[in-house]
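**Student:** Now for the letters of each chain:
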Amino acid sequence: MRALDETETRTMFTKLASYTGASLSNLIAPPAEGSATTERMVFRLVKDRVFYLPERIANFATSIPRDSLLTAGTMIGKFTKTGKFRLNMSSLSIIAPHARVKCWVKSNGEMPILYGSNVLKAHVARWSEDAPEHSGCVIFNQNDTPLGFGVTARSTAEMRKLEPTAIVVFAQADVGMYLRDEDTLFTT
Amino acid sequence: MAPTKGSSKGGAAAGGNKGSKSSTLSSASRVSKSSKGAKRPPPVEVKNKARTEKENLAKKKKRVYTEAELDLPKLNSITPVGVVKPKGKKKGKVFVDDQEGMMTILAMVNAEKEGQIESKMMKARQLEEIREAKKKEAEARIAEKKGKLEAVKDSIRQKKKGGKGKSDDRKTTSSSSSGSKSSGKGKRKSVSFA
Chain A
1 MRALDETETR
11 TMFTKLASYT
21 GASLSNLIAP
31 PAEGSATTER
41 MVFRLVKDRV
51 FYLPERIANF
61 ATSIPRDSLL
71 TAGTMIGKFT
81 KTGKFRLNMS
91 SLSIIAPHAR
101 VKCWVKSNGE
111 MPILYGSNVL
121 KAHVARWSED
131 APEHSGCVIF
141 NQNDTPLGFG
151 VTARSTAEMR
161 KLEPTAIVVF
171 AQADVGMYLR
181 DEDTLFTT
Chain B
1 MAPTKGSSKG
11 GAAAGGNKGS
21 KSSTLSSASR
31 VSKSSKGAKR
41 PPPVEVKNKA
51 RTEKENLAKK
61 KKRVYTEAEL
71 DLPKLNSITP
81 VGVVKPKGKK
91 KGKVFVDDQE
101 GMMTILAMVN
111 AEKEGQIESK
121 MMKARQLEEI
131 REAKKKEAEA
141 RIAEKKGKLE
151 AVKDSIRQKK
161 KGGKGKSDDR
171 KTTSSSSSGS
181 KSSGKGKRKS
191 VSFA
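Chains as they are written, first to last, in full-length UniProt numbering: chain A, 1 to 188; chain B, 1 to 194.
Looking at chain A on its own, in the form it has when it is part of the complex (with noise of 0.2 Å):
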């Protein structure tokens, strides 16, 4: 378990900030007075993985052998063999507060996500504003529970005189596939 390094970091960022806004600092801010947290988050890497995780818990894992270390904190994504970044669908808990575009989606729409399909505008109950094409998008279901994340298909504008069945956002992860994906989502 290492500290990331500076290319590593950037890679990382450039990616968080696709789909998030300027508020993406919070994760890294040092905590504020009298807030319920008081400790500071770090990222860490393990092999290929990156984890984020109070500096206090990220200290303990020292102690573990590299070996015998399988997870600690939320997994964020891991880096390819090629240098590029994939974020993991453990990483919408952390993504989803600080969401740049976000898509409600009405209740007959949510077992599609849930089932790995993209999402069609018949679906769409909400739609972010000014969205541009093939940016990051945070799906929520009317509840503003967090189901999954994805890249815009068409902007706003375009999506307006699109047909009900054309596709606006293409799913990258959804909460379902923490039962689809049950084996092999957190295996090294």
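It should be emphasised that the hints constitute simulated quantities derived from the structure, not laboratory data.
A virtual CB, placed ideally from N, CA and C, is assigned to each residue, including glycine.
Any given hint might turn out to be false.
Straight-line Cα separation of at most 30 Å, DSSO-like style, residue types lysine-lysine; simulated pairs [said to hold, decoys possible]: (1) Lys161/A with Lys136/B; (2) Lys84/A with Lys91/B; (3) Lys15/A with Lys120/B; (4) Lys78/A with Lys91/B; (5) Lys90/B with Lys47/A.
Label-pair distances were calculated between CB atoms; the ranges are [stated by the list, open to error]: (6) Ser155/B with Leu162/A: 40 to 46 Å; (7) Pro97/A with Arg131/B: 34 to 40 Å; (8) His134/A with Gly147/B: 41 to 47 Å; (9) Arg40/A with Met122/B: 36 to 42 Å; (10) Gln126/B with Gly21/A: 22 to 28 Å; (11) Pro97/A with Thr104/B: 21 to 27 Å.
Model the placement of chain B on the given structure of chain A, informed by the hints.
**Tutor:** Relative to the frame of chain A, chain B by itself:
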């Protein structure tokens, strides 16, 4: 050769000849000595030899060219281009674990992203405007075409109406005049199969 080079022996000889009166005198005395033949200064010959000596040759090779100076094509060098690492740089990774460093990187990334999104939006807006303009133009063209068609239709209708009145008159006249004919024609021969 020999007269130009001063040797210790020559100097000593000059000293012997009542000190140094003048250089010409001393040189003259040296020449006269060398002319005797037997005592030639050996170091002169040694110097001549030394250039071909191994030690001197080694000294000549002091200048060593670096690879950059030689201007060799990169691929012919022993180490591939991508593998060459800058000299004098510290090995290993530079970790970013302090808050300031992370914040700086994040701010840079955010600014970059904002710029990208802004440009994307601008582009999309411009495209949208162009599309709208084109749509309006197309609509106007269609409306114009439709208007023309309607006009032509109306003109045809009017023509027909005008023509119809005449034809009706004709019909009435023809029917009245050929009333007897039609009755006559009513008994036409027909063929039917049982």
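**Student:** State for each hint whether it applies.
**Tutor:** Each hint tested on the structure:
1. Lys161/A with Lys136/B: holds, 16 Å
2. Lys84/A with Lys91/B: Roughly 23 Å separates the two Cα atoms, so the pair holds.
3. Lys15/A with Lys120/B: holds, 17 Å
4. Lys78/A with Lys91/B: holds, 25 Å
5. Lys90/B with Lys47/A: Measuring from Cα to Cα gives roughly 23 Å; hence the hint holds.
6. Ser155/B with Leu162/A: 40 to 46 Å: Since Ser155/B and Leu162/A have Cβ atoms about 42 Å apart, the given range 40 to 46 Å holds.
7. Pro97/A with Arg131/B: 34 to 40 Å: holds, 36 Å
8. His134/A with Gly147/B: 41 to 47 Å: holds, 42 Å
9. Arg40/A with Met122/B: 36 to 42 Å: holds, 38 Å
10. Gln126/B with Gly21/A: 22 to 28 Å: The hint (22 to 28 Å, Cβ to Cβ) holds, given that Gln126/B and Gly21/A are roughly 24 Å apart.
11. Pro97/A with Thr104/B: 21 to 27 Å: Distance hint for Pro97/A, Thr104/B holds at roughly 23 Å.
In this structure, none of the earlier numbered hints is contradicted; all agree with it.
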